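Participant: Sequence:
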Amino acid sequence: MTKLRVAGIGVAAVAALSLAACSSSDTASSGSSSAPAPSSSVAAPSSSAASGGDGMTTNADVFGPACSQLPQGSAPGSLDSMGPQPVASAASTNPLLTKLVAAVKATNLVDTLNSAPAITVFAPADPAFAALGDAKFAELAGKPAELSPILQYHVVGKRYDAKGLASAGSLDSLNAAGGPLKIEGSGENMTVNGAKILCGNIPTKNATVFVIDKVLTPGTNK
1 MTKLRVAGIG VAAVAALSLA ACSSSDTASS GSSSAPAPSS SVAAPSSSAA
51 SGGDGMTTNA DVFGPACSQL PQGSAPGSLD SMGPQPVASA ASTNPLLTKL
101 VAAVKATNLV DTLNSAPAIT VFAPADPAFA ALGDAKFAEL AGKPAELSPI
151 LQYHVVGKRY DAKGLASAGS LDSLNAAGGP LKIEGSGENM TVNGAKILCG
201 NIPTKNATVF VIDKVLTPGT NK
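For the sequence shown, the working numbering puts the final residue at 222, and the numbers step up evenly by one.
Treat the hints with care, as some may be off.
Using 27 Å as the maximum straight-line C-alpha spacing, the simulated BS3-like pairs for lysine-lysine come out as follows [to be verified]:
1) Lys105 - Lys158
2) Lys158 - Lys136
3) Lys163 - Lys136
4) Lys143 - Lys105
5) Lys205 - Lys163
These are computed hints drawn from the structure, not numbers from a lab. Note that the structure is a prediction, hence the values are computed from the model and not measured.
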């Protein structure tokens, strides 16, 4: 896998993609029954958790119906806790992303993601993988060569915040062969290849994370 071979986030679950083009198309970035129950955006914690890179955000910029499901204060998985950590380490404490984290570990992408200087990750939430089933997920997790391209399709090699994404309209992922990622709408109405944002603008040390409701399928928007 190349230097920024990554995965979205996002995405072990990504494996779901291979499965029927994983119409599950993110979790990460378009709504489905997998979406967590709605609620208002999270109020900004006392400290800013963002650190360096294009599209840097703070806790005050976080938005989306699933943000309220994150731990509060300085508990593991909270905004204050994730902010100073590199993205893969931060995701490992996020209760919305346990399947994606498993996929990233299965493809040995933890160090790659953590060492990237500035990236944007579209991370499918756990419910996005529900249709896959435990057996199929385990099978795909055992095939890193198939999972890596899917995970890479959930990562952009530049750091964007929500406003930057809306302005861009279309972005190339680390999986260039997968075709562009199409960004539509803005704010809480933004979608990525049709996937809805469940909790967006999450700041980590080297990335901005957007939790989405479907697993993104490479080749969908070619």
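Participant: Run every hint past the structure and note whether it holds.
Facilitator: Hint check:
no. : hint            : verdict
1   : Lys105 - Lys158 : 22 Å, holds
2   : Lys158 - Lys136 : 32 Å, violated
3   : Lys163 - Lys136 : 37 Å, violated
4   : Lys143 - Lys105 : 12 Å, holds
5   : Lys205 - Lys163 : 19 Å, holds
In terms of the numbered hints stated before, the structure departs from hints 2, 3, listed from lowest to highest.
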